[in-house]
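Construct all of the structure, not just a fragment, from the sequences and the given hints.
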Amino acid sequence: MKKITFTIAIAGLLLFAACKPESIKEYEAFSSADVTSFQGLWQLTRVTQTDEDSKRKLYPYKTLDLTSSLNFTDIKLTLNLNGLIPAAFTVNYGAAPQIFKILGGTWKVDDNNKPGKLWLINGTDTTKFTVGAYSKLQNNKMSLKQVKSLGATQMITYEYEFSKN
Amino acid sequence: MKKIIFSILCLFSLVIITKAQTSGVVISPSSFTAEDEVTITIDVTGTGMAGATDAYLWIFSNPGLSGGADGVTNGNWTNSSDTAKLTPAGPNKFTYKFTGTIMFGQTPAQLKTFGFLLKKKDGSAQTPDYKPYFFDPLIYVSTVFRTFPKFISKNDVITAYLDQTLAVDVTTQRMEPSSAEIAIFNGGTQVGTTQMVNLKSEGNKVWSYTFFLPSLFSLAANATVNKLTFKFKGTVKDVNGNNTPAESPVFEKGLDDLK
Numbered sequence: 000m001k002k003i004t005f006t007i008a009i010a011g012l013l014l015f016a017a018c019k020p021e022s023i024k025e026y027e028a029f030s031s032a033d034v035t036s037f038q039g040l041w042q043l044t045r046v047t048q049t050d051e052d053s054k055r056k057l058y059p060y061k062t063l064d065l066t067s068s069l070n071f072t073d074i075k076l077t078l079n080l081n082g083l084i085p086a087a088f089t090v091n092y093g094a095a096p097q098i099f100k101i102l103g104g105t106w107k108v109d110d111n112n113k114p115g116k117l118w119l120i121n122g123t124d125t126t127k128f129t130v131g132a133y134s135k136l137q138n139n140k141m142s143l144k145q146v147k148s149l150g151a152t153q154m155i156t157y158e159y160e161f162s163k164n
Numbered sequence: 000m001k002k003i004i005f006s007i008l009c010l011f012s013l014v015i016i017t018k019a020q021t022s023g024v025v026i027s028p029s030s031f032t033a034e035d036e037v038t039i040t041i042d043v044t045g046t047g048m049a050g051a052t053d054a055y056l057w058i059f060s061n062p063g064l065s066g067g068a069d070g071v072t073n074g075n076w077t078n079s080s081d082t083a084k085l086t087p088a089g090p091n092k093f094t095y096k097f098t099g100t101i102m103f104g105q106t107p108a109q110l111k112t113f114g115f116l117l118k119k120k121d122g123s124a125q126t127p128d129y130k131p132y133f134f135d136p137l138i139y140v141s142t143v144f145r146t147f148p149k150f151i152s153k154n155d156v157i158t159a160y161l162d163q164t165l166a167v168d169v170t171t172q173r174m175e176p177s178s179a180e181i182a183i184f185n186g187g188t189q190v191g192t193t194q195m196v197n198l199k200s201e202g203n204k205v206w207s208y209t210f211f212l213p214s215l216f217s218l219a220a221n222a223t224v225n226k227l228t229f230k231f232k233g234t235v236k237d238v239n240g241n242n243t244p245a246e247s248p249v250f251e252k253g254l255d256d257l258k
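Top to bottom, those sequences are chains A and B.
The first sequence begins at 0 in numbering that gives the first Met the number 0 and counts up one residue at a time.
The second sequence begins at 0 in numbering that gives the first Met the number 0 and counts up one residue at a time.
Think of the hints as simulated: they come from the structure by calculation, not from any bench.
The beta carbon of each residue, even a glycine, is placed where N, CA and C say it ideally should be.
It is possible that part of the hints are untrue.
What the hints assert, rightly or not - Calculated lysine-lysine pairs in the DSSO-like style (CA-CA distance at most 27 Å, straight line): (1) B:K252 to A:K147; (2) A:K54 to A:K163; (3) B:K258 to A:K107.
Claimed, not checked - Chain A is faced by these chain B residues, among others (derived, beta-carbon under 7 Å): (4) G66; (5) A68; (6) F147; (7) V156; (8) K204; (9) Y208.
As the list claims (entries may be wrong) - Stretch by stretch, here's where chain B covers chain A in the computed footprint (C-beta under 8 Å, at least three residues): (10) 65-71; (11) 99-113.
Take a look at the structure:
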């Protein structure tokens, strides 16, 4: 009986000693996306227009959702890579107006490892965007913001949301 | 009543501004409050200052109204202040930046309009007066015609609104609007042909039309457009209850060079 009790006690001790807290991984926000996340065929799903002057002056009529206007959801943007470098892009506007002014050319970002700005370039014409939250890219969505200014004063912001096809 | 008077003033100011622009003055932005920085560009060709290499600003607030003040940069008529000197912007062209409240040392509530002229430092030559240019109020005031956004360029999506409840003429109030004529201008010269478009009802007697100017007018990329006009069209009932054509006054909207 003593042997059995001793054996059980030893086994219990061994089991207790063998238990280790499971290491829990730190929460990692989706805070980075390299240029490969932008490659592909993107369809415009939402576009809004914000009057920055109204926002500054606390006027009514600050933002207008243009998604259902002018066939904007027809717009398809294709961003190609050459290896790991941004290369050609094309825009198929369908029945939508040519809001980005250009149909194709080359695209660039400010940092291939953590893009913050994205440019569509055709000769001397450049359309500049600020990249939205990287978390959207995880869900195959892309947000681009375009600001129009008068001198140094921001007047209009367009926000485009794309879905990867 | 105040709204009606303000709307009339706005319409009047738009007409005045347009006339001033065609006489060699461009003001940017196209509308501004007393707290906004304004850039004036003046072409002095055909004035007493034509051919001058230096030009000085002589500016004053509320011309023709009570509570006017001289610009703090003016100096004396025979000896303009150096801070009033304009920057050359090409042959016979000069530019100057200022903010109303700072320039006149007055509050936004005191500032209704301003006027100015260009002169030589010693006052021996000058342009005519350019006036009046209207300051927008700091608070939002609804108007019968507006665009969203307020500041637009030829490459922006523009939504124009007609609010019949704020109309100052009976025809626009009574009309059942259905369409609008849109025309675009470079100064006083019309660009392209007038376009007729169908309006969308926003409810509560508000009507709208959304468009992208280069698509509607097939504009060349380098075309200059600095003004558009809207005339709303529809029908009203005559004494026999029959529909007869009717149209609103022409509403003007300045365009800015947004980049």
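Discussion item. Tell me the numbers of any earlier hints that the structure contravenes, in ascending order.
Written reply: 2, 4, 5, 8, 9 and 11
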